[in-house]
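> Use these hints to put chain U onto chain A, whose structure you have.
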Amino acid sequence: MPILFFLLFLCCPIWADINTPISVVDDTQQTITLTHTAQRVISLSPAITEMVYAVGGAASIQATVDYSNYPEQAQQLPVIGSYKALDIERIIQLQPDLIIAWKSGNPRQQIAQLKQLGFIVYMSEPRNFSDISHTLINLGKLLGTSVLAKQKAHSFQQQLQRLIQRYSRPEQTKKRVFIQIWNNPVMTVNQQHLISKVVTICNGENIFAHVSTLTFTPTLEAILHANPDIILSTGMEKYATQWLQQWQQWPLLTAVKKQQLYAIPPDYIVRHTPRILLGIQSVCKVLNPNI
Amino acid sequence: MSYYYPDKKYSLIPFFLLLLLLTLSSFLFSLLYGSTYISLDAFYSLLQGNATPLTHTLIYQLRLPRALTAFVTGALLSLAGVLMQALLRNPLADPYVLGLSGGSAFFALLAMLWGGSHFWITGSAFSGALLSTLLVFFLGKKQQQLPVSRLLLTGIILASGWGALISFIITITPPEKIHGMLFWLMGDLGYSYNKPLSLSYLILFFGLGYVLLLSRKLNIILWGELYAQSLGINSQAIHIQLLFLSSLFTASAITLAGSIGFIGLIIPHTIRLLIGSDHRFLLPASMLLGGSLLVIADTLARTILSPQQLPVGILTALVGIPVFLYLLNKS
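If you read the protein sequences in the order shown, they are chains A and U.
Numbering follows numbering that gives the first Met the number 0, in which position 199 of the first sequence is assigned residue number 198; successive positions increment by one, without gaps.
Numbering follows numbering that gives the first Met the number 0, in which position 154 of the second sequence is assigned residue number 153; successive positions increment by one, without gaps.
Just so you know, these hints were derived from the structure itself, not from any lab.
A portion of the hints provided could be inaccurate.
Stated by the list, open to error - Okay, derived cross-link-like pairs now, DMTMM-like style, lysine to aspartate or glutamate, Cα gap no bigger than 20 Å in a straight line: (1) U:K176 to A:D65; (2) U:K176 to A:E236; (3) U:K176 to A:D26; (4) A:K114 to A:D96; (5) A:K102 to U:E175; (6) A:K196 to A:D96; (7) A:K114 to A:E71.
One chain only, chain A, in its complex shape:
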């Protein structure tokens, strides 16, 4: 008899988890309320797809958008368009009970339309590393996988702190880095971009940190004048070498003289997901070969 009571006591929180309404506040400060844990989730960005899998949502996720290439299972999911152009009809057909959107990436009007149609939309807009852990925790609550999500968030924070401490060298002069995110035209980012923040953790300094636009086309002149110590390209593997090769025609650049031209896989470094730790590791290794 006591054992039975004990079992009942154990199952109650789970039972409660399913039936009491769940409320979380999303990145636009809207309260999202679900009557039960989400069973049919649609992700509207490749990064969100990664996050859903990270909190153990493999069973709940029903569909995603183009380029959702990680984890590998995600590649089998139905695709409802690209993050910039959603197929609303497909979304309606799939009858999701939760849509996780990317505020600055998804078309605003389509998101408004989805809300109007009565779908519950969680807006995600991660801006820094700590947003990754709070999004993990929020998604865990919505998907009913809080325990795992909290674990993931905690271990992410721990590993992040470890990396920050490992590479923190305030006494050293910072290496000046040019971050190339695209070629033809050459494009770079300012300090608000995730990649630039990774470079900062790794003891580097983005040469265009203080420009007001998040991503922009710098003049070649400005790059030559700023004379970076290192050029990091985040092109896809098949292009990156070709991009970096083009810098060889400017031997004036310190980065070219010392052959400090490196490619970082873009997936590691442009998505706000726990995989950013891999990005931090690879950038830090390049910037600090001795640590």
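For chain U alone, kept in the frame of chain A given last:
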């Protein structure tokens, strides 16, 4: 020759001297200004052969080739504009009205979508422009004649067709490639340093010479076909030459700098408002003004928001339109 405007020949000398001065100043402006200002002193010591390697690279490898490309592009577009307006006897005609830019843009974007190299992109832009011209020519032709209104209508319809195809390409393009496409569509001189200019120089040089030889006939066909015929001029043959020369000029300009609007429309009209429409003077003056305007616009495009750069097409519009409206109002 001079029976058209007997007094013009010599009274225009100061005007052309001013244009030459403008051209030289535009070059000086583009050489001194950029992400960093190079002082006249530094520039002088560069000419004497003792400058820092950075200044040397900035001037000789970046700014000078870029200014030359801008000049040649602007000059080609203005000439093409004059020819198109003569061909279509329509003040709204510009190098792009017959769908040339549309055709070349479609093929260039297609090459970008498939990840083609620079060579492929410019090559397809050039072939697109020529293909578009041939289409206009063969579709617009009627019983061995090339009626102007039919030509214009065919061109405009083809242009909207290309426009639809361009929108289609942009829709199916992965988002990260779109920026490059938009930059190309608005004109971009950022890659001047590794483009072979020599062919464009030749086209500009011989093209200008050839159209100057045609200029008297151009003046005459503007009075109408009957009038031209009565003077023994075969206006059909001139029309065909005009169509192909303007296409060649436009295609070479597109190959150099993507698609840049407004120059071909605004420059010839500005010159007409200033000195009249005698093609003997209109052609070289348009070339000089168009070239310098693009040099100035490009320098602004890379300095205003430095270290960011803007597509030069935005600046040609911003610089060209107020000047043009002012002149139009004054005339």
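> Give a verdict on every hint.
Here is how each hint holds up against the structure:
The hinted pair formed by U:K176 and A:D65 meets the criterion: a straight-line CA distance of about 15 Å does not exceed 20 Å. Note on U:K176 and A:E236: the hinted pairing holds, with a Cα-Cα distance of about 16 Å set against a maximum of 20 Å. Proximity of U:K176 to A:D26 is assessed by CA-CA distance (about 28 Å); at most 20 Å being required, the pair is judged violated. Distance restraint check for A:K114 and A:D96: the Cα-Cα separation of roughly 12 Å lies within the 20 Å cut-off, and the hinted pair is therefore satisfied.
Distance check on the hinted pair: A:K102 and U:E175 sit about 18 Å apart at the alpha-carbon level, within 20 Å; holds. A C-alpha spacing of about 35 Å is found between A:K196 and A:D96, which places the hinted pair above 20 Å, so the restraint is violated. At most 20 Å may separate the alpha-carbon atoms for a hinted pair to count; A:K114 and A:E71 exceed this at roughly 30 Å.
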